[in-house]
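Q: Since chain C is already given, all that's left is putting chains S and F on it; use the hints.
Chains as they are written, first to last, in the numbering used here: chain C, 1299 to 1595; chain S, 1139 to 1457; chain F, 915 to 1242.
Among the clues, some could well be false.
What the hints assert, rightly or not - In silico lysine to aspartate or glutamate, DMTMM-like type, Cα no more than 25 Å apart, as pairs:
1. Lys-1372(S) x Glu-955(F)
2. Lys-1221(S) x Asp-1272(S)
3. Lys-1224(F) x Glu-1042(F)
4. Lys-1372(S) x Asp-1157(F)
5. Lys-1041(F) x Asp-1059(F)
6. Lys-1455(C) x Asp-1354(S)
7. Lys-1376(S) x Asp-1059(F)
8. Lys-1090(F) x Asp-1418(S)
What the hints assert, rightly or not - Stretch by stretch, here's where chain S covers chain F in the computed footprint (C-beta under 8 Å, at least three residues):
9. 1015 to 1021
10. 1028 to 1040
11. 1133 to 1142
Since the hints were made in silico from the structure, they are not lab data. All C-beta atoms, glycine included, are put in the ideal place defined by N, C-alpha and C.
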Amino acid sequence: MLKRRKRELKFVEGRPQESEWKRFIRVFFGRRIVLFGLIVVALYIIVAIFAPWIAPYDYKTISSTILSQPSAEHWLGTDTVGRDVLSRLIFGVRPTLIVGSVTILIAAVAGTILGLLAGYFGGWIQTIIMRFIDALMGFPMILLALLIASLLGGGLKNIVIALGIALIAGFARVMCAQTLTIKENDYIIAGRSLGLTNFRLMWKHIIPNAFPPMIILATMNIGMVILMEAGLSFLGVGIQQPDAAWGSMVSAGYNRLTSNPALSVAPGIAIMLIVFSLNMVGDGLRDALDPRLRGTL
Amino acid sequence: MVTYIIRRLIQAVFILLILTFIVFGAVRLLPGDPLLMFLNATDIEALSPEALDQARHELGLDRNLVVQYGIWLGDILQGDWGKSLHFKNANVLQMIGQRMPVTIHLGVLAFFFSSVIGITLGVIAAVRRGRWADTVATLLANTAITIPIFWLGIIMMLVFSVELEWLPVAGYTPINEDFWLSTRKLIMPVICLMIGSLGAVARLTRTSMLEVIRQDYIRTAWSKGLRERAIVIKHALKNSLIPVITVMGLQVRFIFGGAVLVEKVFAIPGMGRLMVEAVDGSDYPVIQGAVLVIGIIVVLTNLIVDISYGWFDPRVRYE
Amino acid sequence: MTLLTVENLKTYFHTDFGLVKAVDGVSYEINEGEIVGIVGESGCGKSVTQLSTLQLITSPPGMIEDGKVIFDGRNLLDYPANGPEMRSIRGGKIAMIFQEPMTSLNPTLSVFQQISEMLSLHLQMDKETQRKRAIELLTQVGIPDAKRRIDDYPHQFSGGMRQRVMIAMALSCNPKLLIADEPTTAVDVTTQAQLLLLMQNLVRQYHTSLIIVTHNLGVVARYAQRIYVMYAGRIVESGSCDDIFNQPKHPYTIGLLKCVPRLDEEEDRRLVPIEGLPPNLINMPPTCAFLPRCPYKIDRCREEPWPALKPVGNQQVACYVDTKLTVQ
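For reference, chain C alone in the conformation it holds in the complex:
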């Protein structure tokens, strides 16, 4: 009986039946710009992993005279203390990707928990949590990060914590809205009447169903995190010398713009390229997983 019904449905829909997975592959890989983004992201990851082998010099040691122009030995020249710019650029992929992914992970997990609790229990729990989130949304993220970083001090770890807290709000809002919708489904009501525990319902039913929008949001936010980290490093509260961070490289080259433009231009392009690629992958993921989310994410 079930089998027969399925065949009829196929007939009605008037299109070749396509599995979810196949549709995902077709839409996701169907657009050239998404493919471009994926390749760039993959390249960056490879560069991050193999940085010591790829980079021509060590990023911390002085390898030449200061501020030498681009040449065969130093493709992008050397910086104000004589370090190879290309090598610093290559090693700079590491903190960029680490801050991007770890921050998102922290924000996503914390935001998911807060949003889930707010949406699932509703009532005053929801009011308190969501108004708190609203208040958090009142601060510009970079300001919040600046405030936290100024209290905790700079460095990779504190940047991650600061940006992580700043980003919680977005995840919590989406998760809360998702939970409110999913909660109304019959299977949740049925599960509740069967006496399933709240924890089980949330873990087994709500989280898996809210997963696609959360993963899309996460992808789309990585680019923003990278931009903010660069901004903080530019301001000098981010990753500290001698570690290589693109934001501080731009800042260090600022005064040498006319004589050595590569110092500032190159890291800027490196940032743009990865952010653009991540955004395109995020867009592609959204269109492939759930096109209805267009405009909301």
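A: Structure of chains S and F alone, referenced to chain C:
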């Protein structure tokens, strides 16, 4: 409509309360001596433990946190926002009062142009979907949201000020002193500040517009014999701007955030610069005051945005 | 006098999944002051046909491939889709009413704004006259207290009332032809009857022709003078309302009538649904599209292409089978 506004007002007051609590708590709960709110780190080291305890007692720092919050909030409401540690005893509220108009001047221009240009780009892209105008507009919008604004500022400076010598390198002149110079100085900072918002608004307008133009009522509008322009402007735009308005409200905080970077690059003496200086000098009362006032502005603009929904969407008005 | 003649209209959709021949060689006509019904299951192309006559098909993916739409002696398909000639006809000479009154009115514009823009566009009325005329129209379609409600928004009206607003809007510029696409599908049965009666009275009063597009034979039975039955993008039978109801000739029409309750027949007649489902319009075989569901099929149906319409008695029927002989 009146009940809708009242409900939003109550909500805003509630959010503002939590906001002040976060600002207060951030400094008290995180590691570090709360005395730092009142004394320089060097001054603290110079004092004896007894003197420090004495100081803590006088400032009420040994009392219950909730009581402290109450006293602090009372002071804030009465306009006592503390004194700067860095600029000896400068009144925080006065400092903010001097810097804020600069950032607002910059921010209002950035907000206005990012909204107008962003919405226009988004509408063009949606109406000409799949054609070259769409490709160009979409690429522009996607690039706009990926540019590090401090970097864009530097590059523009290099090109337009240093090489071409078209625009002044940096600085700020109040609009009432010399309108032309003031505007010329602001061109690059405003572009930097608006570029991200412009991209975000354009992207959202495009998706929202594409969603709206396949609605039944747009088909009805066509069946009435209206021109395409009339359909886009009168029937589609208002509907498609409903989600865009929310994002425009959010842009206010991105503009304040961006001001931190842009004002540093272009040496503009606004709120952003104030905060960077305060962070550099561990001037906590100033940071606290600045964060608080920006938070309040953002919450209030979002309130205005919520209320303006009523104009855009009659369904909200009669809720 | 013939008002509108549609000849061999073909509208295809070029989709990712293949070519959909939504309208595949449809011809029909309507006379001045006449009420005509176009009947068929959902997805048979009856709405697309109507949208095609006004060139309201979204393109891409839709394309009007062939055919003529002759109105007032001019072929409307010669004009560019959104050019001035087409625009002056839409709303001014030919008006449409759509299926979903909930979504077919703009939620952010008041009822007056939506009616008045047509009045100023086609009749160049000034604001004051527009207001008077709009109130008059709303009163005519039976909206109580029209003067006060004219500035209300669509969401403040009930479904039936919204459809009345649609009717008022469509008739506002005295069109020569009114096309009602499933006008009563989204409203409850009592409202259905009221709306149909209202439309009938109004078109008589204004001497407007009316095309009612519906999947419900019962809806057209009382009001239409002639009926076209559509299946899978083609017209399979046409004739006067009486003939179609009393002597249906095409197996599909027979099937449709079996599932409509009738008051004038013996009480215990059973309602029989048509077996199977409407066909998938992608990659259709060249044979008759009704073949898989047809209880009267003969070998010839499997071997030869879909038959053209040919006169059988007073009707036009597209079928190889002489159903009269096989019906028990």
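Q: If a hint holds in the structure, say so; if it doesn't, say that too.
A: Status of each hint after checking the structure:
no. : hint                      : verdict
1   : Lys-1372(S) x Glu-955(F)  : 35 Å, violated
2   : Lys-1221(S) x Asp-1272(S) : 53 Å, violated
3   : Lys-1224(F) x Glu-1042(F) : 54 Å, violated
4   : Lys-1372(S) x Asp-1157(F) : 47 Å, violated
5   : Lys-1041(F) x Asp-1059(F) : 20 Å, holds
6   : Lys-1455(C) x Asp-1354(S) : 52 Å, violated
7   : Lys-1376(S) x Asp-1059(F) : 28 Å, violated
8   : Lys-1090(F) x Asp-1418(S) : 77 Å, violated
9   : 1015 to 1021              : holds (count 5)
10  : 1028 to 1040              : holds (count 4)
11  : 1133 to 1142              : violated (count 0)
Consistency with the previously given hints fails for numbers 1, 2, 3, 4, 6, 7, 8 and 11, ordered from lowest to highest.
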